[in-house]
Amino acid sequence: MTYIDPETRAKAEAHGHPFAAEEVIAAGHELAGRVCRELHRAGLPAYVQRPEVVSQPGALVEVNDSLGEHAGGLYVRWSAPELAEAARQAVIERQDPAAPEWKRHAEVIVLMQPALIGILRLAGFSAVRAEEIDDLAQGDAFVHADASSFS
Numbered sequence: 001m002t003y004i005d006p007e008t009r010a011k012a013e014a015h016g017h018p019f020a021a022e023e024v025i026a027a028g029h030e031l032a033g034r035v036c037r038e039l040h041r042a043g044l045p046a047y048v049q050r051p052e053v054v055s056q057p058g059a060l061v062e063v064n065d066s067l068g069e070h071a072g073g074l075y076v077r078w079s080a081p082e083l084a085e086a087a088r089q090a091v092i093e094r095q096d097p098a099a100p101e102w103k104r105h106a107e108v109i110v111l112m113q114p115a116l117i118g119i120l121r122l123a124g125f126s127a128v129r130a131e132e133i134d135d136l137a138q139g140d141a142f143v144h145a146d147a148s149s150f151s
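Here the UniProt record's numbering is used: the first residue of the sequence shown is 1, the next is one more, and so on.
No wet-lab data here; the hints were simulated from the structure.
Take the hints with a grain of salt, since some may be wrong.
Unchecked claim - Okay, derived cross-link-like pairs now, SDA-like style, lysine to any residue, Cα gap no bigger than 20 Å in a straight line:
hint: 1; residue 1: Lys103; residue 2: Glu82
hint: 2; residue 1: Lys11; residue 2: Asp65
hint: 3; residue 1: Lys103; residue 2: Phe125
hint: 4; residue 1: Lys103; residue 2: Gln138
hint: 5; residue 1: Lys103; residue 2: Gly118
hint: 6; residue 1: Lys103; residue 2: Arg121
hint: 7; residue 1: Lys11; residue 2: Leu67
hint: 8; residue 1: Lys103; residue 2: Gly124
hint: 9; residue 1: Lys11; residue 2: Ser66
hint: 10; residue 1: Lys103; residue 2: Ala84
hint: 11; residue 1: Lys11; residue 2: Glu22
hint: 12; residue 1: Lys103; residue 2: Ala137
hint: 13; residue 1: Lys103; residue 2: Gln113
hint: 14; residue 1: Lys103; residue 2: Asp65
hint: 15; residue 1: Lys103; residue 2: Glu93
hint: 16; residue 1: Lys103; residue 2: Ile92
As the list claims (entries may be wrong) - The following label-pair restraints were derived from C-beta to C-beta distances:
hint: 17; residue 1: Leu136; residue 2: His15; range: 26 to 32 Å
hint: 18; residue 1: Asp146; residue 2: Pro45; range: 22 to 28 Å
hint: 19; residue 1: Ile92; residue 2: Ala14; range: 19 to 25 Å
hint: 20; residue 1: Met1; residue 2: Leu67; range: 39 to 45 Å
hint: 21; residue 1: Ala98; residue 2: Thr8; range: 37 to 43 Å
hint: 22; residue 1: Val54; residue 2: Glu13; range: 25 to 31 Å
hint: 23; residue 1: Val110; residue 2: Ala21; range: 31 to 37 Å
hint: 24; residue 1: Ile92; residue 2: Val54; range: 26 to 32 Å
hint: 25; residue 1: Ala14; residue 2: Arg121; range: 37 to 43 Å
Using N, Cα and C, we set each Cβ at its ideal position, and we do this for glycine too.
The task is simple: from the sequences and hints, build the whole structure.
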């Protein structure tokens, strides 16, 4: 299976944002499947982010397909589409970035982060606050790639 088509890969590389090798991305998707299975075993809905998959409630698992030391790792974020839509509507309609709906959505995401990390660690994964990897990934968990799966 090809995860990144050659044209997209070439464009990204030309712009200085190369993707990881296909085998690294494939290993990341295998890891994502294992993470989803463990979250399901714990009673949480979980799914791997793909272009054709619409946002669903539960843990959204995204493979880090960029080149770098964290390639093949996973971002895991709590997805609450109904809360997110209510928050978005409140901000747009009332022009109020401090809308209670926005705050509630953000607080749910923040509350779920340690729960996801704890569940993933109990299942044997190396999981940390994603902010330790990427300061823009607030509220996400990050699961480190299993280095042995790349060799």
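Outcome of the hint check:
1. Lys103 with Glu82: Distance of about 14 Å is within 20 Å: holds.
2. Lys11 with Asp65: holds (15 Å)
3. Lys103 with Phe125: Distance ~30 Å between Lys103 and Phe125 Cα, so the pair is violated.
4. Lys103 with Gln138: Roughly 14 Å between the alpha carbons, so the hint for Lys103 and Gln138 holds.
5. Lys103 with Gly118: violated (24 Å)
6. Lys103 with Arg121: Distance ~28 Å between Lys103 and Arg121 Cα, so the pair is violated.
7. Lys11 with Leu67: holds (14 Å)
8. Lys103 with Gly124: At roughly 32 Å apart (the allowed maximum being 20 Å), Gly124 and Lys103 break the hint.
9. Lys11 with Ser66: holds (13 Å)
10. Lys103 with Ala84: holds (10 Å)
11. Lys11 with Glu22: holds (16 Å)
12. Lys103 with Ala137: holds (17 Å)
13. Lys103 with Gln113: holds (16 Å)
14. Lys103 with Asp65: Roughly 31 Å separates the two Cα atoms, so the pair is violated.
15. Lys103 with Glu93: holds (15 Å)
16. Lys103 with Ile92: holds (14 Å)
17. Leu136 with His15: 26 to 32 Å: violated (19 Å)
18. Asp146 with Pro45: 22 to 28 Å: holds (24 Å)
19. Ile92 with Ala14: 19 to 25 Å: At 36 Å between Cβs, range violated.
20. Met1 with Leu67: 39 to 45 Å: violated (19 Å)
21. Ala98 with Thr8: 37 to 43 Å: Taking Cβ atoms as reference, Ala98 and Thr8 lie about 38 Å apart, which means the hint holds.
22. Val54 with Glu13: 25 to 31 Å: holds (30 Å)
23. Val110 with Ala21: 31 to 37 Å: Given about 34 Å between the Cβ atoms, the range holds.
24. Ile92 with Val54: 26 to 32 Å: Hint violated: Cβ distance 20 Å, outside 26 to 32 Å.
25. Ala14 with Arg121: 37 to 43 Å: Holds, at about 39 Å.
The structure is inconsistent with the numbered hints 3, 5, 6, 8, 14, 17, 19, 20, 24, although it conforms to all the rest.
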